[in-house]
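**Student:** These are the residues of each chain, in order.
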Amino acid sequence: MCDTCGCNITSGNRHLTHDAAGRKGHVVEVLEDLLAANNRTAAHNRAHFNEHGVLVINLMSSPGAGKTALLEATIDALGGTYNIAVIEGDLETENDAQRIRARGVSAIQITTGTACHLDAHLVHRALHELPLAGLDLLFIENVGNLVCPASFDLGQHRNVVLLSATEGDDKPSKYPVMFRAADAVVLSKADLLPVLEDFDPQRADRAMRALGRDVPIIHTAARRIPDLAAWLAWLQETLSSHRESRDYASAQAAMRSRALLNPSLGPIEL
Amino acid sequence: MHELAICQALLDQVDGVVRANGAAAVQEIVVAVGPLSGVEPTLLAEAFALARRGACTNAELHLETAAITITCAVCGEHSECAANALVCRHCGASDTHLVSGDELMLLRVRLETKSQPAPN
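Protein sequence lines, in the order shown, are assigned to chains A and B.
Under numbering that gives the first Met the number 0, think of the first position of the first sequence as 0, with each following residue one higher.
Under numbering that gives the first Met the number 0, think of the first position of the second sequence as 0, with each following residue one higher.
Hints in this document: simulated from the structure, not taken from any laboratory.
Yeah, the Cβ is synthetic: ideal placement off N, Cα and C, and Gly gets one too.
Heads up, a few of these hints could be off.
[As the list claims (entries may be wrong)] Computed footprint of chain A on chain B; a stretch qualifies when at least three of its residues, placed anywhere within it, have a C-beta under 8 Å from a C-beta of chain A:
#1 10-17
#2 31-41
#3 47-53
#4 63-71
#5 88-96
#6 104-111
[Said to hold, decoys possible] Here are the computed lysine to aspartate or glutamate pairs in the DMTMM-like style, where the Cα-Cα straight-line distance is at most 25 Å:
#7 A:Lys173 / B:Glu63
#8 A:Lys23 / B:Asp11
#9 A:Lys173 / A:Asp135
Construct all of the structure, not just a fragment, from the sequences and the given hints.
**Tutor:** Encoded structure:
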């Protein structure tokens, strides 16, 4: 018998019903991810993306690494081949969305106020303003930050983290959570490498390997004389392999069978 | 600082447990926070002190951190390692799988029931 209150709890299980101060309580085991609500919305977003056959890429980096410039150059190079749209995340201003719209592509700006990251709910809300039908590629440009955005699944298919040549080559070692989340790393502003002697791409490569991640490190230059060949090849290869994936195929099959059963039904409701 | 957003999610989750169990208040919340979860335990604790409300107003938050451990895909050995050096301590390979260290999980809550049964 418990010698604190006289209940029938054995001493081995006492910690389950009494706290350190001896207060009695009922312990409920939960074992649920703290981000479960976000992850459910992210899964919903992903199902929606799969139904429309759009590949979604979450771009993350520190502020000023060149996410918007990379998108502008990508739209210039691929806009004639693929239907592209962009969701922009910033604390304030429509500036980045306006830069993208100037390229003739739909862009939805999410302003987060003081929040340092996008989450699945914010992206879900943005999807209400963005028709996905006919899209091939949707880029989500996350808030410039190498810490917080890594924790939040948005429903994307791939994470791309930019590391610009004007930053340190040890960024992957300093921000392991962010760089571990990367499916590909873009070494942006690579045309500046010859004049930036402090940045050693091999050191950046070794720092990535030390995170146990064997992902491509893609050199790009988006300004003056753009060099996007490796990046565009990665995008096209990723789009093809995505369309061969099982998740994509089953979402497409589900949509076709729903359409056969009831032709008036559209894609799943947001 | 996204710890406040995560703290709000934690409080929503605990509110769900409180409702499901018809509890009056929460005495203790136990959360696992791995070094690779992207959440700083001290900031989460500070955010909790600011954000706690309702049934959680007087709850204590306990954070459990687990070591980062990996399994090597080359030699199969286990290693404990630092957050930015997930390489096998035995053979040096970087082809490794994370076993623990990225947890961010509500483990359990201790509830104060509305009418405590009389002691036996």
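**Student:** Check the structure against each numbered hint from earlier and tell me which ones fail, lowest number first.
**Tutor:** Violated: hints 3, 4 and 9.
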